[in-house]
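Chains A and B, in that order, are what the protein sequence lines are. In this text, residue positions in the first sequence follow the working numbering: the first is 4, and each later residue adds one. In this text, residue positions in the second sequence follow the working numbering: the first is 9, and each later residue adds one.
No lab work stands behind these hints: they were computed from the structure. Note that beta-carbon positions come from the ideal geometry of N, C-alpha and C, so glycine has one too. Errors might be hidden in some of the hints.
To be verified - Far from chain A, some chain B residues (derived; all Cβ distances over 10 Å):
1) G53
2) L96
3) V138
4) T164
5) V170
6) S172
7) N178
8) A182
9) M192
10) Y199
11) L206
As the list claims (entries may be wrong) - Not the full set, but computed from the structure, chain B residues with beta-carbon under 10 Å of chain A:
12) Y72
13) Y86
14) A92
15) V109
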Amino acid sequence: MELPEANETLSRRRFFVNGIKVVAGLLGLGLGIPLVGFFIAPALKKEQHDWIAIADLNLMNAGEPAKVTYQYTRRDGWKTAETRKTAFVVKHADGKITALTNKCTHLGCGVEWNASSKQFTCPCHGGVFDIQGNVTAGPPPKPLTRLMVKVEVNKIFIKDAQQ
Amino acid sequence: MSRIYKFLDDRLNLSPLLKEIADHQVPDHANPLKTPTALIYCFGGICLFILLLQILTGVFLMLYYVPSPDNAYAGVNYIQNELAFGGLVRGIHRVGASAAVVMVFLHMMRVVLTGSYKNPRELNWIVGIVLLLTVMGFCFTGYLLPWDQKAYWATTVGVNMVESIPLVGNFLAAALRGGSEVGMLTLVRFYVVHVMFLPALLVIFLAAHFFMVRRQGISRPL
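Using the sequences and the hints, build the whole thing.
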């Protein structure tokens with residue numbers, strides 16, 4: 004648009020141009036905010052997790068991770084979906100209990116416990132983790148994720164949420 | 009913003025196009041600032057505005073709508089009652105549908121009142137009638153999508169009306185339903201007609217409508 008010169012018709016024109024811009028801006032905001040909110044709403048919803056009884060403390064051997072699968076129902080839009088996941092529950096020599104996800108922190112493949120080398124190994128790109136979940140070799144950038152864990156009357160409970 | 013515009017304008021020479029689309033003289037008899045009754049000349053523009061709103065909200069509603077008997081009602085319920093801004097977005101689409109019919113009708117009445125359908129604008133009148141039928145088609149197909157009692161029976165009745173057409177009625181009704189009863193196939197085809205076929209028709213005929221208005225100009229007063 005060419006610049007208005009200092010005469011009456013053009014300043015009136017400029018007034019209307021500005022008015023149109025303001026109205027368009029208000030309309031844009033009034034529509035944009037709800038529509039963006041509508042789009043991202045499911046991402047902002049916090050998932051609620053419950054404690055899941057997963058293993059018996061008495062049956063655990065120290066230094067030997069137990070591979071456990073657990074499942075829970077979660078809301079999937081207007082439906083409910085079963086989610087099945089795998090974790091390793093570890094009883095350490097000092098009696099402490101940790102629960103690690105089996106999800107490699109590199110690209111998400113499932114790690115396995117190698118009893119002879121006493122390490123978690125990932126089949127995809129050779130990631131290796133020790134029994135604490137710390138990376139000892141390969142490309143993973145972070146230790147294995149620790150899940151929330153508690154012990155009640157010899158029962159081990161985990162929660163599908165990061166510790 | 010103006011620098012981006014200048015960059016594009018230098019390379020693509022947009023200004024003449026823009027002038028043609030949005031920066032031309034409105035004749036006095038169609039300018040509400042000069043002739044207050046000229047507000048009736050705004051009805052077409054209001055129709056366009058509502059249709060743009062409908063397209064925008066419709067595209068967003070598609071994010072959460074699944075056209076199957078198991079999911080349709082639950083999905084609409086989810087949009088309406090659980091999603092942030094869901095009631096608003098769906099509300100705009102629902103009320104906008106009625107507003108579109110009202111405004112298209114008023115726009116048509118303006119054209120009748122000012123005799124604008126006459127030579128040389130008969131073709132644009134015909135295109136306008138196609139657009140009216142398109143909007144009615146949107147309403148008819150969209151009405152079924154919530155898949156509640158009202159939707160189901162409205163469609164049952166609507167298709168039965170088609171059935172009363174002599175000779176081809178039964179065939180047309182079956183083609184609309186995708187069978188002998190309103191069911192899953194009806195829902196899917198109404199959905200696809202609502203979000204693909206009719207929008208394509210709408211865009212094509214709107215383009216023709218606007219091309220002819222710009223080409224022929226706004227009709228002179230009676």
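Here is what the structure says about each hint:
1. G53: holds, 13 Å
2. L96: Violated, since 5 Å does not exceed 10 Å.
3. V138: holds, 28 Å
4. T164: holds, 25 Å
5. V170: holds, 33 Å
6. S172: holds, 38 Å
7. N178: About 37 Å separates N178/B from the closest Cβ of chain A, which puts it past 10 Å; holds.
8. A182: Per Cβ check, A182/B is outside 10 Å of chain A; nearest 32 Å; holds.
9. M192: At about 18 Å from chain A, M192/B clears the 10 Å cut-off, so the statement holds.
10. Y199: holds, 17 Å
11. L206: About 22 Å separates L206/B from the closest Cβ of chain A, which puts it past 10 Å; holds.
12. Y72: With a closest approach of 7 Å, the Y72/B hint holds.
13. Y86: With Cβ-Cβ at 4 Å, under 10 Å, it holds.
14. A92: Interface hint status for A92/B: holds (4 Å vs cutoff 10 Å).
15. V109: violated, 21 Å
Violation of the numbered hints given earlier is confined to hints 2 and 15; the remaining hints are satisfied by the structure.
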